[in-house]
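> Got chain A sorted already, so can you dock chains B and C onto it with the hints?
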Amino acid sequence: MSGPTTQSADAPTRRLAGLLIAGAGLAVLVVAPFTGLYTVFLMKLMCFALFACAFNLMLGYVGLLSFGHAAFFGMAAYATGHVVKEWGFDPFLGILAGAAVAGAMGLVFGAIAIRQKGIYFAMITLALAQMVYFFCLQVKFTHGEDGIQGIPRGMLFGLVDLRDSLNMYFFVAAIFVVGYAIIYRTVHSPFGQALKGIRENEPRMISLGYPVARIKVMAFTISAALAGLAGATKSIVFQAATLTDVHWHMSGEVVLMTLIGGMGTMFGPVVGAGVIVALQNYLATIGSWVTVVMGVIFVVCVLTFRRGIVGEILARLPHRR
Amino acid sequence: MQELLGIPSPLLFGQLLIGLINGAFYALLSLGLAVIFGVLNVINFAHGALYMMGAFVAWLLLTYLGIGYWPALVVAPLIVGAVGILIERTMLSRLYDLDHLYGLLFTFGLALIIEGTFINFYGVSGQPYAPPQVLTGGYNLGFMFLPAYRGWVIVASLLVCFGTWLLIERTRLGSYLRAAVERPDLVRAFGINVPLMMTLTYGFGVALAGFAGVLAAPLYTVSPIMGQNLIIVVFAIVVIGGLGSILGSIVTGLGIGLIEGLTRTFYPEASSTVVFVIMAIVLIIRPHGLFGRPRE
Amino acid sequence: MQLTKWAMASTALLVLAGAAQAEISGGVVKIGVLNDRSGLYADLSGEGSVVAARMAVEDFAGGLDVEVLSADHQNKPDVGSSVARQWIDQEGVDVIVDVPTSSVALAVQQVTSDTDTAFLNSGAATTALTNDQCAPTFVHWTYDTYALSVGTGKAVVEGGGDTWFFLTADYAFGHQLQADTAAVVEANGGKVLGSVNHPLSTTDFSSFLLQAQASGAKVIGLANAGGDTTNAIKQANSFGIVQSGQQLAALLGFITDVNALGLDVAQGLTLTTGFYWDRDDASRAFAERFAEKMNGQMPTMVHAGVYSAVAHYLKAVAEIDDDGGKAAVDQMKTMPINDFFATDGKIRPDGRMVHDMYLVKVKSPAESKGPWDYYTILATIPGDEAFKPLAESTCSLVAN
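Those protein sequence lines, which keep their order, are chains A, B and C. The opening position of the first sequence corresponds to residue 8 in the numbering used here, with each subsequent residue numbered one higher. The opening position of the second sequence corresponds to residue 7 in the numbering used here, with each subsequent residue numbered one higher. The opening position of the third sequence corresponds to residue -2 in the numbering used here, with each subsequent residue numbered one higher.
These aren't lab readings, by the way, just hints derived from the structure by calculation. Hints may contain errors.
[What the hints assert, rightly or not] Here are the computed lysine-lysine pairs in the BS3-like style, where the Cα-Cα straight-line distance is at most 30 Å:
1) C:K323 with A:K92
2) C:K343 with C:K385
3) C:K343 with C:K323
4) C:K330 with C:K385
5) C:K385 with C:K188
6) C:K330 with C:K312
7) C:K188 with A:K147
8) C:K188 with C:K358
9) A:K147 with C:K385
10) C:K312 with C:K323
11) C:K290 with C:K358
12) A:K92 with C:K385
Excised from the complex, chain A in its bound form (with noise of 0.2 Å):
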């Protein structure tokens, strides 16, 4: 696992390749509705991306692959989903908070299993991811298997009417590119560096004098924020918070996204989450042979390229090296 390097001689032309990238980017966002491709579809997309960018960020980065990051989504999922029903919150605070309390639980979750590594770390966040999803069976408010439904789109700050498909794509669009940018920061900061530092080596980093275990930890609440503000939008989208974004298919889901995309890349958990909700989109219609598809898909890609489809095509770009 190589990361991409940063130093660079012409850091000039690279920012401006960056401007440029990140510029078209934001003109398929914006165009992207307009072609004919579905917006429910393309919204789901958005936040099932966002989702795997933001595990991408503990695994690509930090190298901790965690099995429990649908506690998280589910979770801000059902938070907002209550708030806005139940106590009439306006939809973007109503997302703030289930990102608020899905970033609680990382912190919480991050300190009790920073200390394990590679297995073990998978194996403590999937229990810990367990027990939240218990607590969803046991309590009300998330009324069990009927979920919460039903929840009203409503008007964004009192003016934009969400219930219009259009205006709620470019609300889930700001939110995506907002989300996608926080993660752009972290990972070209200090901080990142610190991170894949860590990933690389991390007794050096500790001999170097980092405080290591508060930067995995940081990481590690910054990812379970994103996962929830991309889980609470979701809840949005669909107007429902249900015990499927909570169980453990949902956290197998997201790394399967990001392993098919190309962990470690900015761009492949995109690509990753874009072929897996196509898929269960378009497969639906071929009947009963979904499960088996996916599951030759996460085959073939670990046997043959383990980079994901991003990975590979930066592997072969020439100036990559």
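Leaving out everything else, chains B and C in the frame of chain A:
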């Protein structure tokens, strides 16, 4: 009626015995997982699917070939083991040099394929499988009625667990295995065929899962999704015991069975979550599990 | 996109002009069968529901162009909801049928009521669909938790099973089943001695069964579904619970569950169903045609309900020549349902289709004359008794 911990003591004994039976089952499954991890360094997420396959092969043998329970107890694990060997040879063996993560993800995908395929052909609601004639009925133990088949399950699982432990800890073959785990290069230098050992180990590990599947067939409904939820519980057991520790997985399997049995009496809603609570606590106190030791 | 917007705007104008020109949108009635094709409910709904919907279309002689689409919601509310939305917006689907799994059904309900699309549910069990979350575009066709549990509860108490112990899935539907049944049991002079909540998807029920046994209750009510029910029954059998005189009552059971258990194990079980294939000549005729297309599998009540719902819907649409959701459902509500599934069935204002239910007992292997010959019908529960009274409905469409 005598009471213990606030519930009638016969009921408590009954719950403990049932817990122990389930524990024996867990031990059998986690043992296979632990052996595979110990030797191959692979977390076999497909274990639940292969367990299901064992039960299904038994059902298929009975339905299409008229082969009954006792022969199936031998034949089905062999078939599952052969499938395992095929998987290991063609695909899994390419992943040994990589991070654990890839083995886990690969077997996760494999589990989806196996389960999805069975669902396609046989549906999800399951198939009936009756216990063999000699094991119908049961014994009245005074404090509870013990179905004969459950008695057999505990005997069979403990025998197999103990046998495996003996094989690995007390025989020459086992010592090769243990050595191959520690220093594969050195063992190879002694002229021992390490890849072959790994293949056979995987075959053996999944055959254990298949065996558990056949044992389970008369107890539970034979359904393609029977292994789906079991796998993460068994997983947790192996982690609590310490990854790769044979004895740890057996002891923890039995222990978790007992604790689950008690939870079912005192706080039944939490009985499927308690194992994760224990796992979290154990990992916080002993980061490498109860019987594990640090390894890189 | 643009075109639909234009079309909608122009329809709105026409309506404003007072010329409410009802018509079949796109010239075709499109039926979307949305259910579980690969998970827990694939056997009791799944492909069979698609086959049943197609049969209803084949049998329909009203001169409409009809098309049937199908998709797998994978038991995920977001997948179900986005497929439904996409169907409606892009494919011009006019009616969505089946949709098992409560959370998915409720999510789809949101979409169909927002878009004035008819929604005929056969597969889901939750009563929320016709209560808090009811909609004018919705009909709940086949069964719900109330109808299944209440029928069984009442009949069993009347048959002498007056003390109960519940094994309850620790989920909303489990608690609902238990509460509904307990109310009926007590109203009929029975007594509930206790209950134990087990986690969903438990494989081993022996601990819970021991507690049920120790309670000394005459009846053990299984307030759970699918694999949980079958595992509980199978293990109750091996613990000799039925042999020692306790009776099992499945509160949510399907014929596919009985098939999974085999008659050896399932015999003697009482349950309530909305349809049994071997009830009369009409149901047998349907079932035989169905089985021919399904490798010999007999229809579940969900499959039969899909057929009946689609047939009735097409009739209503042909009658008014309009496939708008509310218009079609309103028309359906005015017409009685008479087919192999229901006799004088009627749709209430809250969307509940009221029809007779049947209390059945599973045959012993000796009584059974062939494959799928599983039930003896003990009693017919009149629709008005089977379903929750309209007066108790919390649906906003009902003036209480």
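> So which of those numbered hints doesn't the model satisfy?
none
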